[in-house]
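Position one of the sequence shown corresponds to residue 1 (UniProt numbering), numbered consecutively onward.
Keep in mind the hints are simulated off the structure, nothing from the lab.
List time: in silico DMTMM-like cross-link candidates among lysine to aspartate or glutamate, alpha-carbon distance up to 20 Å: (1) 36 <-> 94; (2) 47 <-> 76; (3) 97 <-> 42; (4) 97 <-> 13; (5) 36 <-> 13; (6) 97 <-> 83; (7) 47 <-> 4; (8) 97 <-> 79; (9) 36 <-> 83; (10) 47 <-> 13; (11) 34 <-> 83; (12) 97 <-> 76; (13) 47 <-> 83; (14) 47 <-> 94; (15) 34 <-> 23; (16) 41 <-> 13; (17) 47 <-> 105; (18) 36 <-> 23; (19) 47 <-> 79; (20) 34 <-> 94; (21) 41 <-> 94; (22) 36 <-> 52; (23) 97 <-> 40; (24) 97 <-> 37.
Owing to the predicted nature of the structure, the values given are computational and were not obtained by experimental measurement.
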Amino acid sequence: MTLEELQNTIRSEVGVLLYFSGEKCNVCHALRPKFKEVFDKEFPLIKQIYLDAHENAEISAHYQVFSVPTMIVFLDGREFVREGRAVSLHQMTEQLKRPYTLMTE
Numbered sequence: 001m002t003l004e005e006l007q008n009t010i011r012s013e014v015g016v017l018l019y020f021s022g023e024k025c026n027v028c029h030a031l032r033p034k035f036k037e038v039f040d041k042e043f044p045l046i047k048q049i050y051l052d053a054h055e056n057a058e059i060s061a062h063y064q065v066f067s068v069p070t071m072i073v074f075l076d077g078r079e080f081v082r083e084g085r086a087v088s089l090h091q092m093t094e095q096l097k098r099p100y101t102l103m104t105e
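Let the hints inform the model, and build the full structure from the sequences given.
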């Protein structure tokens with residue numbers, strides 16, 4: 001995926017989760033299935049995109065991702081939530097519930 005393709009996706013979708021991880025990041029690999037499960041259930045219209053930060057250096061630099069894991073949620077084409085390192089899935093879910101509901105009803 002190129003940066004231009006990603007930006008087009010962000011503009012065209014209700015919401016997008018960018019999940020930046022790394023090949024040697026154990027935390028990234030442990031959190032990914034948990035995020036997928038919650039987003040599949042709670043936010044099915046948010047497109048989930050998983051990127052290796054090192055393999056996608058141009059995209060990582062554009063979104064100023066300097067550590068992994070980093071999760072960025074875009075709603076209506078704009079960055080809404082950004083979490084990194086010490087991520088609280090519960091806190092992120094709570095932040096997204098109301099705006100997601102308003103956007104999708």
